[in-house]
Every structure is written in structure tokens, then in C-alpha cells.
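Given these sequences and hints, build the entire structure.
Each chain is listed here by its residues.
Number of protein chains: 2
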Amino acid sequence: MKNEILKHLSKYIPITEELEEELSKIEFIKFFTKGTILLEEGKISNECFFIIKGCIRSFYNKDGEEKTTEFYSEEQAVVPSAYGNKIPSKYYLECIEDTIAGVGTPELETEIYQKFPQIESLNRALGEVIMAKYQDTFAEFKMTSPEERYLALLKNRPDLIQRVPQHQIASYLGIKPESLSRIRKRIMK
Amino acid sequence: MKNEILKHLSKYIPITEELEEELSKIEFIKFFTKGTILLEEGKISNECFFIIKGCIRSFYNKDGEEKTTEFYSEEQAVVPSAYGNKIPSKYYLECIEDTIAGVGTPELETEIYQKFPQIESLNRALGEVIMAKYQDTFAEFKMTSPEERYLALLKNRPDLIQRVPQHQIASYLGIKPESLSRIRKRIMK
DNA sequence: TGTCTTTCTTAACTTAAGTCAACGAATTAG
DNA sequence: CTAATTCGTTGACTTAAGTTAAGAAAGACA
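Just so you know, the protein sequences line up as chains A and B, in that order.
The opening residue of the first sequence carries number 762 in our numbering; numbering runs sequentially from there.
The opening residue of the second sequence carries number 762 in our numbering; numbering runs sequentially from there.
No wet-lab data here; the hints were simulated from the structure.
Mixed in with the good hints, there may be bad ones.
No distinction is drawn between identical chains; accordingly, a pair holds when it is met within one copy or between any pair of copies.
25 Å max Cα-Cα, derived DMTMM-like pairs, lysine to aspartate or glutamate [as the list claims (entries may be wrong)]:
#, residue 1, residue 2
1, K950, E778
2, K950, E781
3, K847, E881
4, K950, E939
5, K937, D920
6, K768, E781
7, K950, E826
8, K876, E939
9, K823, E779
10, K795, E908
11, K894, E831
12, K903, E831
13, K937, E765
14, K847, E782
15, K946, E801
16, K823, E881
17, K894, E881
18, K876, E801
19, K916, E808
20, K828, E909
21, K937, E808
22, K847, E909
23, K828, E908
24, K903, E801
25, K851, E872
26, K847, E901
27, K823, E901
What you are looking at is a predicted structure, and each value in this text was computed from that prediction instead of being measured.
Shown next as C-alpha cells:
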């Protein structure tokens, strides 16, 4: 399982034997069953996740209704916006499948960064890329209709349609389940 | 004018005389007239901006229509998503008022970071905060109606309503100018 | 100053999403 | 395996945004 993380890292930086050994010493791979709440609204976040297998969603509670805002799956990092800060989280994180993930803490990060500064640089660079991608996703959302957004999702993350309940997809697209149902009917003409 | 930048920095880190002197040596404050295009779609971005006075907007060109996605004003940093990368920009940056701004380049940044590492740490920390704020803004956008979004804008950035043409606000809210006009009529009952 | 352009509003009409309610299908739990 | 819950679809109706077009108001410019 740790191989998955090394495999991912190796796309960006050379894996030295020392690094491999160091990472294998740390016990930070965890298993979560479907339905596990990883973070609750109002709680302080002290863990970030790197998904090896499975799927995690973030959702807000708006007047008793769950509003799904993101889905994270294999090879994606989940860094709560309040991670490391002492700010209470505004949203929940839930495993919507049995999930295997690497779990990071601020302390562990500091330790690794000290030993392997190249990982800190990498994380910073990846952070910038993610930020740019995020801006773009937001702009795209503003510029398109719910139907266009659904078609884009079908194209870009077809796996999600299979593994995630439709009412969560609807909420992710900013619409009600009934509307998504009608959109689906409309487009398969 | 450079005082403005020092004033801003001083909120976060102590300003040493050395730092003050160093920053004052650098000629990086520039003046742009209303209408100046700072970045064009397809162009590589090599400048970021810190607004001292004025207002900048980012917009995409979607099938010939301008879609405004963000407004930046006093004390805000404008970092194009393609800044420093060699990726062509997907959007435009335009001064919508006469604007005075500090202009940064990757080279200048590297230089300053080497001399004052605390500024690099600060920028990283601020980057994380901005990222978290951004996530929250997106979630909020998904969860609210155009009318609620307009009311929130009135509350959070009342100055924008005065200084920005309404059709740009409309596009920023994800709707057409006619709809914004009707929303305005609706809410002042 | 007066003309041209941009901006904002209004109206009539179309389109699609929200709401409420009902029902069958699928999934989960005991 | 059955009962209970969750999930997805459909229909009738409401509400609000998109579209098209026209005209008034405000700004820019020469």
C-alpha cells in the first residue's frame, strides 16, 4: 500500500533509498469504512489525507440540508481548509466508500519537510497548481448551465457517476435531485 | 506610495530598517490608466500585482462574451493562475479604474525571498488562507441563489456596487444583466 | 455642446429549475 | 429474507432566469 504513495511521488521527484526507507518506517496508512466521518463542522482539523483507494466527499450543512461541494478519489489529496490553523471547520468530510488513505498531521509534515526539503518544495508547487485549477473550476461553474456542468462531469470524471448517489451529484452541480433527473432524461434523446 | 506596501506588510511581520531600505531601492510601483489590459488570454504571465489604489477585474472570453470572474481592489494581490508557469493564461486582466500597483516578477520574488525568508513564509501562509477563502466562496456560490449572492455582495463589498458597471457585477454573480436589474427591483420593495 | 456609445431598465415571451407529492426501485439493516 | 429506509423518477404547478427587442439614462469624446 505504501508503494502507492511512493509511486505517486515518483512522478515528480526521484525516490532515493533513504526516502523510501524513511517513509516505510512511518505508520500512517489507515483504513476507514464507508460512512466514516473524518471531519465534523465546528471541529478543529488536524489531519490531511492522501487517498490510495476509495472516495471522500466534503459537504456543508445548510439549514439541515447536506450540500456536497467536492469529491476526492484515488491519488487525490484532501487538505481541509482549516488544516493546521486553529479555525473550526465549516464543512464535513465523509468516506462514501471503504477508503484506504495516508494520513498526515502538521507535526509529521514538519518532520518530513526537515528531512526531505524537496518534498516541501513539491507540495508548494502542487499547491499552486491546485489553486489555479480551482480558480478555473469556479470560473467554469459560473459560466455554464447545470446541464453543461453535468455533461462536463460525465466527460471528466465518469467514474463518479457510477460510484456516487445521484442526489449528491446534483448538490455538487448546484441543483436539486429532481432537476438532475430531468437533465439526464433530456440528454438521452 | 511604497509606504502602503510597508503598511500592509507590517500587519504580519516586523519591518526592519534593512527591509524598508531594500524595498525602497526597488522600482516596482507602476501606474496604469483605466482600460489597460494587464494580461491577455493565450499570453504567458510574468507579472503579479499588489493593488495600492484602483481596481482590476479578471474575465474570460466565452463565445465572444466577457465573463467577469473576480474583482480585485486596494490591498489585494492579483496572482494570475499561470504566473511563473509557462502555461498560457485562460483569462484577461483589465484595470477598470486608474490603478497604482506594485508589480512583481518571479525573478524579483526569488531575490527578495533570498534576502528576507520571512516574506516567503508569510506569502505561503497567506496563500493557504486565500485558498481556504476561495474554497469557501465557491461553496457559498453553489449553495445560494443569484438574489442571495447579490445581497451578500452588497454586504461584503458594498464599494464594488458603486465602482463597477452592473453588467460586470451580473456576470460575476453568474447571471445576465437583465436578471440583476430585476433582482434589484425586487429587493427594494 | 452635441453626438456616439455604453449602460441600465422594462416588457413580453420562452425555458428550465424549484417545490410538493406520489410511487416504484434499490439498498441496508435486523 | 423481509421490513425499513434511502434513492431515483415522474407529474403538475410555481418561480425565476434567459432571450429578444426597444427605449431611456449616463458617460465618453471630439
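Against the structure, the hints come out as follows:
1. Neither within a single protomer nor between protomers do K950 and E778 lie at most 25 Å apart by alpha-carbon distance, with minima of 56 Å and 70 Å respectively.
2. Within a single copy, K950 and E781 get their C-alpha atoms no closer than 53 Å, and across copies no closer than 66 Å, so neither meets the 25 Å cut-off.
3. With identical chains, the CA atoms of K847 and E881 are at most 25 Å apart both within one copy (21 Å) and between copies (21 Å).
4. Taking the shortest Cα distances, K950 and E939 sit within 25 Å of each other inside one copy (18 Å), while across copies they are farther apart (32 Å).
5. In the homo-oligomer, the alpha carbons of K937 and D920 lie at most 25 Å apart inside one protomer (21 Å), although the nearest pairing across protomers, at 33 Å, exceeds that limit.
6. In this homomeric assembly, K768 and E781 come within 25 Å of each other (Cα to Cα) only inside a single copy, at 11 Å, whereas the closest approach across copies is 46 Å.
7. Neither within a single protomer nor between protomers do K950 and E826 lie at most 25 Å apart by alpha-carbon distance, with minima of 32 Å and 29 Å respectively.
8. With identical chains, the CA atoms of K876 and E939 are never at most 25 Å apart, being 52 Å at best within one copy and 58 Å at best between copies.
9. For the identical chains of this complex, K823 and E779 are neighbours neither inside a copy (47 Å) nor across copies (50 Å), given an alpha-carbon limit of 25 Å.
10. For a Cα distance limit of 25 Å, the shortest separation of K795 from E908 qualifies neither inside one copy, at 30 Å, nor across copies, at 37 Å.
11. Taking identical chains as interchangeable, the C-alpha atoms of K894 and E831 lie at most 25 Å apart whether they share a chain (13 Å) or sit on different chains (15 Å).
12. Taking CA atoms no more than 25 Å apart as the test, K903 paired with E831 passes in both settings, with 16 Å inside one copy and 11 Å between copies.
13. Within a single copy, K937 and E765 get their C-alpha atoms no closer than 37 Å, and across copies no closer than 47 Å, so neither meets the 25 Å cut-off.
14. For the identical chains of this complex, K847 and E782 are neighbours neither inside a copy (32 Å) nor across copies (35 Å), given an alpha-carbon limit of 25 Å.
15. Neither within a single protomer nor between protomers do K946 and E801 lie at most 25 Å apart by alpha-carbon distance, with minima of 35 Å and 40 Å respectively.
16. In this assembly of identical chains, the alpha carbons of K823 and E881 never lie at most 25 Å apart, being 36 Å within a copy and 37 Å across copies at closest.
17. With identical chains, the CA atoms of K894 and E881 are at most 25 Å apart both within one copy (20 Å) and between copies (22 Å).
18. Neither within a single protomer nor between protomers do K876 and E801 lie at most 25 Å apart by alpha-carbon distance, with minima of 32 Å and 41 Å respectively.
19. With identical chains, the CA atoms of K916 and E808 are never at most 25 Å apart, being 31 Å at best within one copy and 34 Å at best between copies.
20. In the homo-oligomer, the alpha carbons of K828 and E909 lie at most 25 Å apart both inside one protomer (20 Å) and across protomers (16 Å), since each shortest distance falls under that limit.
21. In this homomeric assembly, K937 and E808 never come within 25 Å of each other (Cα to Cα): the closest approach is 31 Å inside a single copy and 41 Å across copies.
22. Within a single copy, K847 and E909 get their C-alpha atoms no closer than 38 Å, and across copies no closer than 29 Å, so neither meets the 25 Å cut-off.
23. Taking the shortest Cα distances, K828 and E908 sit within 25 Å of each other both inside one copy (18 Å) and across copies (18 Å).
24. Only between protomers do K903 and E801 lie at most 25 Å apart by alpha-carbon distance; the minimum there is 20 Å, versus 28 Å within a single protomer.
25. Proximity of K851 and E872 under a CA criterion of 25 Å is satisfied in neither setting, with 28 Å inside one chain copy and 38 Å between copies.
26. Only between protomers do K847 and E901 lie at most 25 Å apart by alpha-carbon distance; the minimum there is 21 Å, versus 32 Å within a single protomer.
27. Taking the shortest Cα distances, K823 and E901 sit within 25 Å of each other both inside one copy (23 Å) and across copies (10 Å).
Violated hints for the displayed structure, listed by number in ascending order: 1, 2, 7, 8, 9, 10, 13, 14, 15, 16, 18, 19, 21, 22 and 25.
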